[in-house]
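Asker: Protein chains in written order, with my numbering: chain A, 484 to 828; chain B, 484 to 828; chain C, 484 to 828; chain D, 484 to 828.
Incorrect hints may have been included.
When chains are identical, the list treats them as one kind, so a pair holds in a single copy or across two.
[Unchecked claim] With a cut-off of at most 25 Å between alpha-carbon atoms, the simulated SDA-like pairs for lysine to any residue come out as follows:
| hint | residue 1 | residue 2 |
| --- | --- | --- |
| 1 | Lys619 | Arg513 |
| 2 | Lys536 | Glu706 |
| 3 | Lys783 | Leu532 |
| 4 | Lys733 | His743 |
| 5 | Lys536 | Gln507 |
| 6 | Lys783 | Val652 |
| 7 | Lys598 | Asn707 |
| 8 | Lys691 | Ala571 |
| 9 | Lys733 | Thr813 |
| 10 | Lys733 | Ile795 |
| 11 | Lys733 | Gln507 |
| 12 | Lys619 | Gln564 |
| 13 | Lys536 | Gln737 |
| 14 | Lys651 | Asn707 |
| 15 | Lys620 | Gln742 |
What the hints contain is simulated information worked out from the structure, not anything from laboratory work. None of these values were measured; they are calculated from a predicted model.
4 protein chains.
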Amino acid sequence: MSSLNVGVIGLGRMGSLYARNLAQRVPHARLVAVADQKADLREQFANELGGVKVYASHLDLLQDKDVEAVAIVTSTSTHKQVVMDAAACGKAIFCEKPMSLSLADAYEMLRAVEKAGVFFHMAFQRRFDAGYLAAKKKVDDGVIGVPVVMTCVSRDPFRPPLEFCDPKVSGGLIADMGVHDFDLGRMFMGEVATVNAVGGALAYPEMKSVGDIDNALVNMVFENGTLGSVQLSRNAVFGYDIRTEIWGTKGSLQIGYFQHTPILVMTREGITHDVVPHFMQRFEGAYLTQIQDFVDRVRKAEPPSLTAADAIAAMRISLAATMSCREGRTVRVSEADAMAHGIAS
Amino acid sequence: MSSLNVGVIGLGRMGSLYARNLAQRVPHARLVAVADQKADLREQFANELGGVKVYASHLDLLQDKDVEAVAIVTSTSTHKQVVMDAAACGKAIFCEKPMSLSLADAYEMLRAVEKAGVFFHMAFQRRFDAGYLAAKKKVDDGVIGVPVVMTCVSRDPFRPPLEFCDPKVSGGLIADMGVHDFDLGRMFMGEVATVNAVGGALAYPEMKSVGDIDNALVNMVFENGTLGSVQLSRNAVFGYDIRTEIWGTKGSLQIGYFQHTPILVMTREGITHDVVPHFMQRFEGAYLTQIQDFVDRVRKAEPPSLTAADAIAAMRISLAATMSCREGRTVRVSEADAMAHGIAS
Amino acid sequence: MSSLNVGVIGLGRMGSLYARNLAQRVPHARLVAVADQKADLREQFANELGGVKVYASHLDLLQDKDVEAVAIVTSTSTHKQVVMDAAACGKAIFCEKPMSLSLADAYEMLRAVEKAGVFFHMAFQRRFDAGYLAAKKKVDDGVIGVPVVMTCVSRDPFRPPLEFCDPKVSGGLIADMGVHDFDLGRMFMGEVATVNAVGGALAYPEMKSVGDIDNALVNMVFENGTLGSVQLSRNAVFGYDIRTEIWGTKGSLQIGYFQHTPILVMTREGITHDVVPHFMQRFEGAYLTQIQDFVDRVRKAEPPSLTAADAIAAMRISLAATMSCREGRTVRVSEADAMAHGIAS
Amino acid sequence: MSSLNVGVIGLGRMGSLYARNLAQRVPHARLVAVADQKADLREQFANELGGVKVYASHLDLLQDKDVEAVAIVTSTSTHKQVVMDAAACGKAIFCEKPMSLSLADAYEMLRAVEKAGVFFHMAFQRRFDAGYLAAKKKVDDGVIGVPVVMTCVSRDPFRPPLEFCDPKVSGGLIADMGVHDFDLGRMFMGEVATVNAVGGALAYPEMKSVGDIDNALVNMVFENGTLGSVQLSRNAVFGYDIRTEIWGTKGSLQIGYFQHTPILVMTREGITHDVVPHFMQRFEGAYLTQIQDFVDRVRKAEPPSLTAADAIAAMRISLAATMSCREGRTVRVSEADAMAHGIAS
């Protein structure tokens, strides 16, 4: 079986990561083209990795017959158009999260993908992390009995620039950060029936000016009656704090870690270690494993690990939780469809 | 200043612990009398610790002029009567949690204590644990900036016998276990405005037969707008799992530990350690520090560290959370007063 | 069986601990008398614990017919005389480590104890620590197969005052600190055949003025061919660092811990916890368990857990290691007997 | 500055790792050729990475004008010849450890490299590990004051096949495993003056048949009077156990970690995690950083981070320690030169 020729659309921080991984670290993948509107990013990348075609427009890249598959890593507001263009061109698609700004857009993208019959992988890198993979195996092996409660902590070390906090751009804290945890909920526990969320702009009062919050607590009841908690924060100033626990009838699992560098410092001040700085460090391996999974499945004509329907399901939970937080009441996930045209994630 | 002569009413597991601590480990305390209806407990205790007067009825103990103070460790249903009797006799009172089965009873006890003008300490041992004391000091010293979110996990290693799970006896899971966490919320964050809880009999379906649940997740909004989460479970089959985190604007604190014996076993199966088995081991020091605090404050005529009003405040949160769980809606803590005559903690 | 009436000789830091434990925390023990040459210590103790007879001279205490057993916690230089006096009076003896300043003295004490036929317990509290007890059980249960290497770290948080570092008083670093680890070697691995030690006054050059060192590394070959390492230091400025590892053919054990208070502080500086400050905190439980073991065995007429012969065996290893360090060569433990009249531990 | 064209000689486990890293993960490096005597390894590699020239003989690769630098990863017995050939061809040289089987060979290689004036990097990957790099920076920043003792543990999860344990091939346990720790000693503490080692075939008695041991303890005195301990073992059956501690006058550092996958399993059996399996996983990042360092320095005409003299210095310590273990006496490192023609590392 020959290698897969991939193009990367969008050369921001995440796009560069995917491009480098595809160029250098993914067996059976060839990075053949990249596209970005910004000339300096294109130039920088062309210098770094020779022999890759460089386009200013994603449409030109999509016309390139050499390109069999694309990783779409543009800003969220453009995802709908680029995905629909890529589907129309028959390319296999890897779409970075979040899928779209509104649920309505996501449904439209889903229909376009289904109509074109193209391969579509929705990126949720945590599912490919060694810890979560090991946890899934332990649960499936019955090590902790039946899972009855899942608790998730997701905490960023600082807030994004205010313009990226604007819910019209980010979907708001609950959608922007929580969507990963809601997806994990679906992975480990099942579909969510109801959510209840509370939140506030507590650490960065200036977030109120753009209508966002910096801390939120979300409780979930799954359709099978089991429970979930998602705790979100932008003020883990010490580092990147991603933890999940799964509580079963015969035991529990903890996934996550704090320490980054394998060194302890022991002085009169106590024993100290550093902390994983941010998601690039925490999920470096997961990002690589995920894009490898995409390449392998496209090459072998296997179905994607995560679909547009998975993205929509997590988005609906995000929307319902955001609604709950705003309205101060328990919300059924099915109520999210009424918000289909509102901001999602 | 002379020693304080203390009597212990109730010689069950906790009563015996207090009695032994008072007899052997609390400086400036003298255990002078114990009372219990059960002859075998009385006899066993008299054999173990000679020179202590033994009564079958708490009323006889309260009549004993030698007794200056009493620790009330009887079953919860009797707390109201014993406290009111002790107040009438002018004894300084240490009352084990929970204060009473109903909020109405608690208010009545509060009035009796106030009317008699006696010293009344409400037991919440976690406030006297080295970890929580250190955390309080760190917060007061500004180490983590302003606390904005508190998250608590309280998990028992097994469920109580079904007859003790009956909410008419225990107050139900949320009141029985959560009252400690609600009190910690008041210690670290302030008064609670609203609560939202979800729960279920997920690990022990037989709990449904007595109307109780075994897992619950409670979210709180404090009156100052900060947030709290309490996660309760009866199925931490690996051991006793008590953890609290306080998230501030400049850092976070984690209180709690798992490992009991200081030994790691490293074999082909991985690296393994044991776990704190239950509350007696986890809070051994806190129980001792708390009763010492009681003795010291009575002797020095200082006000109690924790009052009946503190117990009532935690009880109101428990009631509101229980109500929220049953009715599937966010509940204001002030609504608890309408349940004053219902089951509390 | 009635309680055991115990007297404590020596009311320094360790003596006070034993006296309080015997008075308050050891079932079936009665503290009936204490003795110390210092009037202020006697007075302070009489005030703290009423009802205990107080003597200035150990001879007076030994004449007291009420006293059935004694804990000897005087300065090492007096151990020989006090033990021989106690043996002559027929008292059961608990002797704090180190047994004596010279091996010759120790042999003399052993003969006196044997001649009098009295119970003699040599104190090595680590053998009664929960971690070491658990390790012994794991080894005996075969969890790690056959132990082949033992490694020990013993590090003090600061150096003693120089006058106590003088090898004529302390025996020197290797004897003073290492004797615990040599005893553990005998507990877990067997008798020692040869030792090789290196050391230096590296952190506190002023120790050279009294002829002592502050760091040493000792390697041992046991008679069965297995190996041991003892690493000693006075400059663990962060806290008290006591660790042992046992490496077997099927796994390993680590005994020890650093964290004292169950709280983690997470700030921009990293994640920090405190450390066990010193031996009183690390071995609080072991000191209590050991004296309880002494009381129980005397009462039940069982043989002591640790004998004078055990002390002498550990002392011989200390002496041989000290000799090795001074002479820069591998030394057979049997060579220690030639130093019988020199400084030991 | 253009990329560096590198050839890899030897395609065994380590050679394949270097080749893949150079082909895919090292910026500014181009893998242009590989050489191995084994046809199947050549074929497998040609299939995996197209566009790389494949040679059966290292001499042919060295004649290739495209090749500017070579990584020599052949069996140790061939290092001398290949290094001398590469030096004669003027190639920059990266030489995998151990440098040679005898000290005499190493000196000869050193002279050949010096005469040819070529770049020569001796591989000791630990120096490039994030933990050791962070430790070096902490020490240099004075965080722990003056280092006075260094302790190293290096334990393999299993023994090599007996034919590779033969000291004529491996140099024996102390040289084969310990050379890394001896090099760390030079990195952190300085040159070694004397060593004393004990060891035995304790876990795998069959090692005696080839004249090797499976456990050893080595104590070192550095020329500046500070101390070091190296503890070596082949029976860490639970995983790969690499730890270093540096004890200073103001604090200590611990480098190393056990846990591999970020997941804790909590069941009735206790809390369990897995362990780093072997050196490929533990030092994956260090191997990459080291070869990158080689490429960068050759390209920038900077001196190598580690030279042939560094290798010889560590080898001399290995030899002296091996001699000490065999002869049961303390050995000066300078005595190793008398063994220059014996087996080294």
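Asker: Cα distance capped at 25 Å. Does Lys536 pair with Glu706 within a copy, between copies, both, or neither?
Answerer: Classified as neither; 48 Å inside a copy, 58 Å across copies.
Asker: What label fits Lys620 with Gln742 when the C-alpha limit is 25 Å: within, between, both, or neither?
Answerer: both (24 Å within a copy, 18 Å between copies)
Asker: 25 Å Cα cut-off: does Lys598 pair with Asn707 within a copy, between copies, both or neither?
Answerer: For Lys598 and Asn707, neither the intra-copy (33 Å) nor the inter-copy (52 Å) Cα distance is at most 25 Å.
Asker: Treating 25 Å as the Cα threshold, decide for Lys733 and Thr813: within, between, both or neither.
Answerer: Answer is neither; intra-copy 30 Å and inter-copy 31 Å both fail.
Asker: Measure nothing new, just compare the shortest in-copy and cross-copy C-alpha distances for Lys619 and Arg513 to 25 Å and report within, between, both or neither.
Answerer: neither (31 Å within a copy, 39 Å between copies)
Asker: Please work out whether the CA atoms of Lys619 and Gln564 approach to 25 Å or closer within one copy, between two copies, in both situations, or in neither?
Answerer: Cα proximity of Lys619 and Gln564: none, with 34 Å in one copy and 51 Å across.
Asker: With 25 Å as the alpha-carbon cut-off, assign the pair Lys733 and His743 to within, between, both or neither.
Answerer: between (31 Å within a copy, 20 Å between copies)
Asker: How would you label the pair Lys691, Ala571 (within, between, both, or neither) given a Cα cut-off of 25 Å?
Answerer: neither (41 Å within a copy, 55 Å between copies)
Asker: At most 25 Å between C-alpha atoms: does Lys536 with Gln737 qualify within a copy, between copies, both, or neither?
Answerer: neither (44 Å within a copy, 48 Å between copies)
Asker: Please work out whether the CA atoms of Lys536 and Gln507 approach to 25 Å or closer within one copy, between two copies, in both situations, or in neither?
Answerer: both (16 Å within a copy, 19 Å between copies)
Asker: With 25 Å as the alpha-carbon cut-off, assign the pair Lys733 and Gln507 to within, between, both or neither.
Answerer: neither (43 Å within a copy, 39 Å between copies)
Asker: With identical chains, the pair Lys733 and Ile795 could be close in the same copy or across copies; at 25 Å between alpha carbons, which is it: within, between, both, or neither?
Answerer: neither (32 Å within a copy, 36 Å between copies)
The structure fails hints 1, 2, 6, 7, 8, 9, 10, 11, 12, 13, 14 (numbered hints given earlier, in ascending order).
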